[in-house]
Amino acid sequence: MPTASGTREPPGFNLVRDPWIPILWRCGRFERVAMRTALSDAGRIRQIAASNPMDNVALLRFLVAVFLWCRPGLSEEDRRRLDEEDGVPDQWLSEKLGATDHPSAVFKLLGDGERFYQVQSVEDNARPVGDLLFEFPTETKIAHFRHARDKEYGFCPACCALGIIRFCTFANAYGGGRYTSAVNGPTPAYSLQQGPTLLGTLQLNLPAEADVKRDPPWMTNDAPATNQLDVPTVFAWRSRRLWLGDPGATGQCAYCATTEHLISQIAFTGNWKPPFTTTGTQKKFWHADPNLLLVNKTAADDDGEVAESEVAGEKGPSRPLRGQSKPRARTTLGFPTPGAKNAAHVRFWRRALAARVAMKAEDADKPGHTRSVLIAGPAANKGLYQDAASLRLDSGVDAKSLDLQNKAVEKLAGVLRRSTLNPDRQHPERAAALDALSPSLEVALRADVQRVPPTNAIPEVSARSHPESLALVVSRVVASTTPGSSLRRREAIQRAQSALDTAMRDLTANPKSEPSEVGNRKQSHAKSLESRQPRKNKGVDT
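According to my numbering, the residues represented by the sequence shown are 3 to 544, in order.
Be a bit skeptical, because a hint or two may be false.
Said to hold, decoys possible - In silico SDA-like pairs for lysine to any residue, Cα to Cα no more than 20 Å straight-line:
| # | residue 1 | residue 2 |
| --- | --- | --- |
| 1 | LYS275 | LYS413 |
| 2 | LYS153 | ARG34 |
| 3 | LYS413 | ASN298 |
| 4 | LYS286 | GLN230 |
| 5 | LYS153 | SER53 |
| 6 | LYS215 | LEU76 |
| 7 | LYS343 | GLN388 |
| 8 | LYS215 | ASN229 |
| 9 | LYS215 | SER77 |
| 10 | LYS343 | LYS286 |
| 11 | LYS413 | ASN273 |
| 12 | LYS98 | MET221 |
| 13 | LYS98 | ASN127 |
| 14 | LYS286 | ASN273 |
| 15 | LYS343 | PRO430 |
| 16 | LYS275 | ARG216 |
| 17 | LYS413 | LYS286 |
| 18 | LYS413 | VAL445 |
Please keep in mind that the hints were generated in silico from the structure rather than gathered at the bench.
Generate the whole structure from the sequences, applying the supplied hints.
Spelled out as structure tokens, the structure:
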């Protein structure tokens with residue numbers, strides 16, 4: 003049927019057949035490919051190569067969900083076959099995805115009848131298509147000054163599909179509850195193991211055991227109950243109920259700049275709510291998600307995140323009983339807000355690496371380890387997405403060295419305060435100087451921790467790789483904030499160096515005291531394993 007511009011409407015877009023996933027081939031060539039190609043040729047693809055880091059995470063998780071739907075109950079023989087193939091075998095895909103020339107109608111994005119991840123009964127409140135991608139200004143988004151152009155641009159079908167899949171993993175909650183967050187909340191950072199090819203990455207991120215408890219989200223819009231959560235459901239979560247407008251005239255896509263029939267309007271509202279009961283400012287998340295980075299929850303987070311209550315629930319005693327330790331709940335780690343302190347941004351790699359190393363220790367008995375991991379997620383302020391960030395880390399570091407390094411950095415503020423003539427004061431000038439020097443400090447610390455081989459190094463050996471970096475920044479902070487003559491500055495530097503040496507000796511002499519994130523995670527995992535063992539009778543010598 004002709005459109006208003008006189009051209010004919012494009013044929014129906016199908017995610018299995020038509021190219022929409024941005025990838026990088028092993029030869030270095032960039033291209034968009036169909037979902038079937040991304041799976042069947044995964045061994046020849048280097049990686050997913052979207053421009054937004056959040057898309058690289060969301061697309062990989064979606065491909066894992068589709069793979070588990072096509073091949074549930076992956077056996078050891080199946081895993082060995084994947085090692086020998088250049089991609090997912092075609093016979094594993096054909097039953098669910100359909101033939102190459104007749105793809106499954108479940109993944110039809112446009113046209114009459116049922117559409118992929120769309121509900122025609124959604125309220126007819128025409129919204130600009132920019133709602134699909136956070137980079138475009140609509141309503142309360144960060145770049146709101148461009149609202150006047152809401153109806154002047156459009157997206158191609160491939161970019162619309164990309165935006166829909168992004169909402170599976172990343173969705174912010176706003177509008178007084180009208181728009182719902184993703185299953186793990188609006189601002190988690192995800193950790194994904196990275197292989198030499200997309201096939202290797204898929205294999206590394208396939209859970210060892212993944213029971214499929216219900217139809218996947220692309221088959222039903224019925225929200226799951228808590229006991230129905232599984233990997234395909236969580237990885238392909240339906241955070242939005244929407245309906246794409248029909249493609250209009252041919253033009254340049256506002257996101258990828260390709261010439262296509264453009265979609266400029268969308269019906270758009272919230273959809274599935276995370277099925278978890280929380281109180282206060284607790285974050286909602288699925289504890290079994292294998293890609294989440296979990297850390298101990300604190301009463302106040304200086305990274306700019308929303309402060310959370312220390313206790314998991316409001317009922318019961320607010321303080322621990324005498325002789326009991328205070329409960330430490332777990333929460334998701336997210337990137338600091340753009341307005342957070344300088345130190346919060348540059349130290350994030352240490353927090354993420356500590357959480358990842360602890361996660362690797364828990365999964366030591368699972369097959370498929372890798373040193374390279376991708377950490378990606380949004381940076382938001384009260385649910386308003388302001389940035390997207392990612393970093394690659396080498397998780398093959400010595401856990402003891404990393405743990406000792408984190409403890410030593412935590413003591414820097416006290417060392418700098420004790421080196422003054424009035425150590426009872428807070429001395430904000432030294433805190434500000436330390437914050438300003440934190441980028442160069444973190445660069446040196448990252449090089450230090452990667453120099454220590456991932457072995458059972460004794461604390462004294464690990465400690466020798468850190469004091470030089472710490473001593474340099476301590477000297478620079480003290481020299482820049484001590485008033486008076488050069489003699490007084492030299493004296494203050496000597497006091498600071500002495501305090502630093504004492505702190506490092508205390509840490510190496512008693513490495514088990516004051517466990518940091520890595521130590522806390524390992525201890526909690528050991529206790530959970532111990533609690534699963536059958537209890538022995540009292541008095542029996544073990």
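Against the structure, the hints come out as follows:
no., hint, result
1, LYS275 x LYS413, "41 Å, violated"
2, LYS153 x ARG34, "26 Å, violated"
3, LYS413 x ASN298, "19 Å, holds"
4, LYS286 x GLN230, "16 Å, holds"
5, LYS153 x SER53, "24 Å, violated"
6, LYS215 x LEU76, "15 Å, holds"
7, LYS343 x GLN388, "16 Å, holds"
8, LYS215 x ASN229, "9 Å, holds"
9, LYS215 x SER77, "18 Å, holds"
10, LYS343 x LYS286, "25 Å, violated"
11, LYS413 x ASN273, "46 Å, violated"
12, LYS98 x MET221, "11 Å, holds"
13, LYS98 x ASN127, "34 Å, violated"
14, LYS286 x ASN273, "16 Å, holds"
15, LYS343 x PRO430, "14 Å, holds"
16, LYS275 x ARG216, "17 Å, holds"
17, LYS413 x LYS286, "32 Å, violated"
18, LYS413 x VAL445, "18 Å, holds"
Figure legend: structure checked against the earlier numbered hints; hints not met, in rising order: 1, 2, 5, 10, 11, 13 and 17.
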